[in-house]
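**Q** Residues per chain, in single letters:
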Amino acid sequence: MNAKKAQEYFSLHFEGELTGGLLDQFERALKTDAQVQAEYRAFVQTMNTLEDLKAPIAEPNFDLHEVISQRMDKHLYDLDRMPANQFWTSWRKLAVGGIAVLAVVGAFASIWSRGKSNQANPIPSIGGPKIEKRMKTSFDMTRMELMLADNVWTLNYKSTEQETITISSIGSPEKEVNLEQNDTLESPLRNSGTDSILVEVHSNRVQNPMFIALPSESAGRMRNDGNGTLGEFATSLSVAFGKPVVAIAKEGEAKFSWMLAEITDVASIAEIVKAFGYSVEQKENGVIWIL
Amino acid sequence: MSQQAEDLVLIERAQKGDRTAFDDLIRRHERRAYQYAYRLTSNQEEACDVVSDAFIRVYSAIQNFKGNSAFSTWLYRIITNCFLDLRKKEKNKSHLSLDQTISGVDGEMERQIEDDRPGPDGEAERNQRERSMESAVSKLPEYQRAMIVMYHGEGLAYEEIAEALDLPIGTVKSRLNRARLQIREHLVKDSELFNIT
Numbered sequence: 003m004n005a006k007k008a009q010e011y012f013s014l015h016f017e018g019e020l021t022g023g024l025l026d027q028f029e030r031a032l033k034t035d036a037q038v039q040a041e042y043r044a045f046v047q048t049m050n051t052l053e054d055l056k057a058p059i060a061e062p063n064f065d066l067h068e069v070i071s072q073r074m075d076k077h078l079y080d081l082d083r084m085p086a087n088q089f090w091t092s093w094r095k096l097a098v099g100g101i102a103v104l105a106v107v108g109a110f111a112s113i114w115s116r117g118k119s120n121q122a123n124p125i126p127s128i129g130g131p132k133i134e135k136r137m138k139t140s141f142d143m144t145r146m147e148l149m150l151a152d153n154v155w156t157l158n159y160k161s162t163e164q165e166t167i168t169i170s171s172i173g174s175p176e177k178e179v180n181l182e183q184n185d186t187l188e189s190p191l192r193n194s195g196t197d198s199i200l201v202e203v204h205s206n207r208v209q210n211p212m213f214i215a216l217p218s219e220s221a222g223r224m225r226n227d228g229n230g231t232l233g234e235f236a237t238s239l240s241v242a243f244g245k246p247v248v249a250i251a252k253e254g255e256a257k258f259s260w261m262l263a264e265i266t267d268v269a270s271i272a273e274i275v276k277a278f279g280y281s282v283e284q285k286e287n288g289v290i291w292i293l
Numbered sequence: 021m022s023q024q025a026e027d028l029v030l031i032e033r034a035q036k037g038d039r040t041a042f043d044d045l046i047r048r049h050e051r052r053a054y055q056y057a058y059r060l061t062s063n064q065e066e067a068c069d070v071v072s073d074a075f076i077r078v079y080s081a082i083q084n085f086k087g088n089s090a091f092s093t094w095l096y097r098i099i100t101n102c103f104l105d106l107r108k109k110e111k112n113k114s115h116l117s118l119d120q121t122i123s124g125v126d127g128e129m130e131r132q133i134e135d136d137r138p139g140p141d142g143e144a145e146r147n148q149r150e151r152s153m154e155s156a157v158s159k160l161p162e163y164q165r166a167m168i169v170m171y172h173g174e175g176l177a178y179e180e181i182a183e184a185l186d187l188p189i190g191t192v193k194s195r196l197n198r199a200r201l202q203i204r205e206h207l208v209k210d211s212e213l214f215n216i217t
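Protein sequences, first through last, are from chains P and H.
Numbering of the first sequence is given in this note's numbering, commencing with residue 3 and proceeding in unit increments.
Numbering of the second sequence is given in this note's numbering, commencing with residue 21 and proceeding in unit increments.
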C-alpha cells in the first residue's frame, strides 16, 4: 500500500473501523513507510484539532427570535401580494374546452366558518381575482373528505389559511370560493352524464391540483386501457371501479400506462403509481385516493 | 416526553395552522440552528439570514414533514440548502467572500478581513489555533464544509449526516476523509503552531 492509497483509509483507521486484510496492509505501510507515518501523524493531529470546532461559538444576538419572526411575517405578507398568473390561465383553458360535454358538476359550494354558512363568491370576470403565490406542493389529504350523503358525493375541505379554491370540470361552470383560515368548504359534486367526469380542484396556496374522478350515476361501466396523465388515469379507474377516485398531484408531470384487465384491486393500482412516488388508499366508503 | 416527541406534537399543531406552535418550534431549535449556520458562514449576519430563510422554508413545507426522521435532521438539511443557495447567489453576483483570494501582481494573496469576534485575553494561542482551523474549514468546498461542521462541530453521527444530505453513509465517510485531508494540508502551513511535522 503506497502513501496515496493509505490516505484513503486514515479516517477508518483512526476510528477503528479498518479490519481484515486492509488493516494489515495499512499497518504494514505505517510501520515501514516514513511518508505514511508522517502523514498519518499530521492527520491524527488534525483530528484532535477538529475537536476545537465543538467549542462554544459567539452567542446569537438577543433578538434572534424577533428577527426570524419578523422575516417570516414579511415573507408571508409579500406572498399575499404576489400575483401568479399561471394558475388563472390554466383553469380558463378548461372553461374554453368544455362546451360540448354533457356532464354536470354540482351547482353550489358553501362555506362553514365558525358555525355560520356563507354563500360562495360568484365566478369572477376574466382578470378579476388576484391569484396568490402558491406555497405548498400538494393538497393535504388530512384536511379533506369525500362523503356520500343522499346519493350525492360532497367534498369537504378545511383551510389552514386564507386561500381561494377553484373547482372546475369540462362542461360545467367554474366555482371560485374564498376561504378564511379554518373555514370548511362543502361542495357537492354530481355527475348526471353518461360517462365518468373529471373535476379539477386548485388552490392559490397549493402548487399542484387535485383531481376527483366521478363515475356516472346512470350508465354501465366502460373499461378502457390507456396511458395519460394522473387525471386521466383517475378517470379510467373510476369507470373500472364505479367509485370516485381522488388524486392529489405532486411535483412534476407523471405519465401513466395501464391495462385495466390487470387492475383488480388497490394493490395493483399501487404497483402502477409507485414509480412516480404515489401511493394508494381505499377508504371505507369506497373512494380510492391516489396520494 | 423526549425532545423528538415534543417536536412532533408541535409539528402536528403547526400543520393544522397553529402559528404559536410553530413559534415554539423555532424557539426550541433557533440556537442550535444559528450555531450551525454560523459555523458554515463564519459571519453573524449571514448566519442570521440563513437561519431565517431556513425557518421560512420549514414553515412552507411543514405539511410535507412526515416524521420519518428527526425534525432536527430535517432542519440541518434545510439550513445546509439555504447556505448553499446563499453562496450560489453570492457567486452569481461575483462578490468576494471572506475566504476568497484576490489575484495580485505577485500572485494570489489572502483577502485580509479583520475578525471582530470577541476572544478572552490570555488565550491568544488558542484563539489563533481556532481561527486557523476555522479558516481551513472555510476553504473547503461548501458541501464538505457542511459535513465537517455537522460531524465535528455539531456532533452528528454519520447516519444523521447521510440522512440530512441524502447521501449513502459510505459516501459521507469517504468525503469526510477527503475533507479532513484537505484541512490537514491547510493546517500544515501553520505547522509551527501545531507542531505538525
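Accuracy of the hints is not assured; some may be wrong.
[To be verified] Simulated coverage check for chain H against chain P, where a stretch passes if three residues somewhere in it have a Cβ under 8 Å from a Cβ of chain P: (1) 49-58; (2) 90-101; (3) 104-110; (4) 168-177; (5) 182-191; (6) 199-209.
The set of hints was computed from the structure by calculation and includes no laboratory data.
Quick reminder that beta carbons are idealized off the backbone N, C-alpha and C, glycines included.
**Q** Hints first: check each against the structure and report whether it holds.
**A** Outcome of the hint check:
Counting residues of the region 49-58 of chain H whose C-beta lies closer than 8 Å to any C-beta of chain P gives 5; at least three are required, and the coverage claim holds. Look at the region 90-101 of chain H against chain P: 0 of its residues bring a Cβ nearer than 8 Å to a Cβ of that chain, fewer than three, so the hint is violated. Beta-carbon proximity to chain P at under 8 Å applies to 0 residues in the region 104-110 of chain H; the threshold of 3 is not reached and the given coverage is violated. For a cut-off of 8 Å, the count of residues in the region 168-177 of chain H with a CB near a CB of chain P stands at 5, and the three-residue condition holds.
Taking a C-beta to C-beta cut-off of 8 Å, the region 182-191 of chain H contributes 0 residues in contact with chain P, too few for the three needed, and the coverage statement is violated. With 6 residues having a beta carbon nearer than 8 Å to a beta carbon of chain P, the region 199-209 of chain H meets the requirement of three or more and the stated coverage holds.
Violated hints for the displayed structure, listed by number in ascending order: 2, 3 and 5.
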